[in-house]
Amino acid sequence: GQQLNQSPQSMFIQEGEDVSMNCTSSSIFNTWLWYKQDPGEGPVLLIALYKAGELTSNGRLTAQFGITRKDSFLNISASIPSDVGIYFCAGQRRGGSNYKLTFGKGTLLTVNP
Amino acid sequence: SAVISQKPSRDICQRGTSLTIQCQVDSQVTMMFWYRQQPGQSLTLIATANQGSEATYESGFVIDKFPISRPNLTFSTLTVSNMSPEDSSIYLCSLKRGDEQYFGPGTRLTVT
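As you go down the protein sequences, you meet chains A and B in turn.
Under our numbering, think of the first position of the first sequence as 1, with each following residue one higher.
Under our numbering, think of the first position of the second sequence as 114, with each following residue one higher.
A few of these clues could be false.
Computed list of lysine-lysine pairs in DSBU-like fashion (alpha-carbon distance at most 35 Å, straight line) [said to hold, decoys possible]: (1) K105/A x K120/B; (2) K51/A x K70/A; (3) K105/A x K209/B; (4) K178/B x K51/A.
Because the hints were derived from the structure by calculation, they are not lab data.
Isolated chain A, as found in the complex (with noise of 0.2 Å):
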């Protein structure tokens, strides 16, 4: 199915860095939803975003909802080593049928401590 580009697939960084990754559409969505998944376990939603320019923060994250409503990013502020792990963004469009969940392949997160 559709799928969201994100990138970059990967990222190799310092602790203490600053990180940003983002998806874009060829469609518009009602909302931005972005996922952490640590290996072995399930996404863990980590912001939701439901207005377009909408700027949101969760601790050191920050994501935005794209003025187009056709892309969103997401930003780590001075990374540590826990933030390892595959970081997924999703878009849902909104009404009848339309909770389907499109997800982006995933930027992989590495830190080094």
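Since the structure of chain A is already known, use the hints to place chain B on it.
Chain B in isolation, oriented as in the chain A frame:
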């Protein structure tokens, strides 16, 4: 947030057998979903399971291969039937609460 548990957490199964995965959630929800995550891949929706109705399957997934039950508003099962090594994946249940979706810890299935 949501509390979602799955059983088993992992299993190794023989080709040709079937495995039923259970998903229990902490409060009543209308919509539950089953996803597959193949090794190194993103999540793919298998089907939507609403209580009191037949599950709705996505393209490429059929009821004979992945029968689903939804006997009440807090529980669902997914069966992976007549397994082959290509079915080796993580299977995740999920629920929708408002505009947010939450995932269980997953069941890691290896078929030999």
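Hints broken by the structure, by number, lowest first? 4
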